[in-house]
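Colleague: Sequence:
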Amino acid sequence: MLDESNEEAADALEASLIDNVELNDSSDEQPPEVHTGLSSLKQCLRVTYGRHAMPPLGRYFRSVFELAKCSSNLAFLERCRAMCVVPRHYRAQCRRGIKYTRRVGRILDETSYRLMLADLQYSRLRKEDLRRFLVVLKEQLENNLSLRDLSHVADLGEAKYAKIFDEAMDEHHGILAEQEYGIEQN
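Letter by letter, the sequence shown follows residues 1 to 186 of the numbering used here.
If you are wondering where the hints come from, they were derived from the structure by calculation, not from laboratory data. Please note that the accuracy of each hint is not assured.
[To be verified] DSS-like, lysine-lysine: derived pairs with alpha carbons at most 27 Å apart:
hint	residue 1	residue 2
1	Lys138	Lys163
2	Lys138	Lys42
3	Lys163	Lys69
4	Lys127	Lys138
5	Lys160	Lys42
6	Lys42	Lys163
7	Lys99	Lys127
8	Lys42	Lys127
9	Lys160	Lys69
10	Lys127	Lys69
11	Lys163	Lys127
12	Lys138	Lys69
13	Lys160	Lys127
14	Lys160	Lys138
[Claimed, not checked] Label-pair ranges, simulated between beta-carbon atoms:
hint	residue 1	residue 2	range
15	Leu120	Arg46	33 to 41 Å
16	His173	Leu147	46 to 54 Å
17	Ile98	Glu128	57 to 65 Å
18	Val47	Val136	24 to 32 Å
19	Arg46	Leu125	51 to 59 Å
20	Glu178	Arg46	28 to 36 Å
21	Leu150	Arg79	28 to 36 Å
Note that the coordinates shown come from a computational prediction; the quantities given were computed from them, not determined experimentally. No residue lacks a Cβ here, since even glycine has one placed at the ideal position from N, Cα and C.
Let the sequences and hints guide you as you build the complete structure.
Modeller: Listed below in structure tokens is the structure:
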């Protein structure tokens, strides 16, 4: 009984391999694949182009993810600056041994605000660097990939960018909506 199931599994595997070979041979007739995930796209491109196309592709998607996070952080910090609000994670704290006076509080507030502005400036510069780097990576991908595969990569990159940007913005809206600030989102 076990041998029969092994033989059936082997026959099914052989039939699927034959079907895959026939599909690969008739690639002109094959409808364009829609890759819903990054892993399926990478696997397809690895099979099609080999390992040499993978490093620029990995750098491209990592840069897209970082650009989305950096862009959302930049928008959040610009909004905080416009509202004159310093988020908690930028606030400098007074040590236990130091007496908290108005002057110390003012110094801590100024330091916290300057820290937030420095991170805002860094986010602006990092966003521009990432944009330039993505242009270079896209040129490399244009040289290595076909137009159809490049469009799949660009579409998936845009979708992932939008998803990560929206998630980060929701997190930032949650920070602003805390009771401490009493800010309602429209």
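Colleague: Determine for every hint whether it applies to the structure shown.
Modeller: Here's how the hints hold up against the structure:
Under the criterion of a C-alpha separation no larger than 27 Å, the hint pairing Lys138 with Lys163 is consistent with the structure, at around 20 Å. Pair hint Lys138 plus Lys42 holds up; C-alpha atoms about 16 Å apart against a cutoff of 27 Å. The suggested pairing of Lys163 with Lys69 holds, with an alpha-carbon distance near 10 Å, which does not exceed 27 Å. Distance restraint check for Lys127 and Lys138: the Cα-Cα separation of roughly 16 Å lies within the 27 Å cut-off, and the hinted pair is therefore satisfied.
Between the alpha carbons of Lys160 and Lys42 the distance comes to roughly 14 Å, so the proposed pair stays at or under 27 Å and holds. Among the hinted pairs, Lys42 with Lys163 is consistent with the structure: their alpha-carbon atoms are about 19 Å apart, no more than 27 Å. Annotation: proposed proximity of Lys99 to Lys127 is violated, straight-line Cα distance about 40 Å (limit 27 Å). The hinted pair formed by Lys42 and Lys127 meets the criterion: a straight-line CA distance of about 25 Å does not exceed 27 Å.
With a C-alpha separation of about 11 Å, the suggested pair Lys160 and Lys69 falls inside the 27 Å cut-off, and the hint holds. Of the supplied pair hints, the one linking Lys127 and Lys69 holds, its CA atoms being roughly 9 Å apart against a limit of 27 Å. For a cut-off of 27 Å, the pair hint linking Lys163 to Lys127 stands: about 17 Å separates their Cα positions. The suggested pairing of Lys138 with Lys69 holds, with an alpha-carbon distance near 19 Å, which does not exceed 27 Å.
Taking the CA atoms of Lys160 and Lys127, the gap is about 17 Å. The hint holds against a cut of 27 Å. Among the hinted pairs, Lys160 with Lys138 is consistent with the structure: their alpha-carbon atoms are about 16 Å apart, no more than 27 Å. Taking the beta carbon of each, Leu120 and Arg46 are about 39 Å apart, inside 33 to 41 Å as hinted. Distance hint check: the CB atoms of His173 and Leu147 are about 38 Å apart, inconsistent with the given range 46 to 54 Å.
Separated by about 39 Å at the C-beta atoms, Ile98 and Glu128 break the suggested range of 57 to 65 Å. In this structure the supplied range 24 to 32 Å holds for Val47 paired with Val136, their Cβ-Cβ distance being about 26 Å. In this structure, Arg46 and Leu125 break the distance hint of 51 to 59 Å, their C-beta atoms being roughly 34 Å apart. Range check, Glu178 to Arg46: about 45 Å between beta-carbon atoms, so the 28 to 36 Å window is missed.
At roughly 35 Å, the beta-carbon separation of Leu150 and Arg79 lies within the given 28 to 36 Å, and the hint holds.
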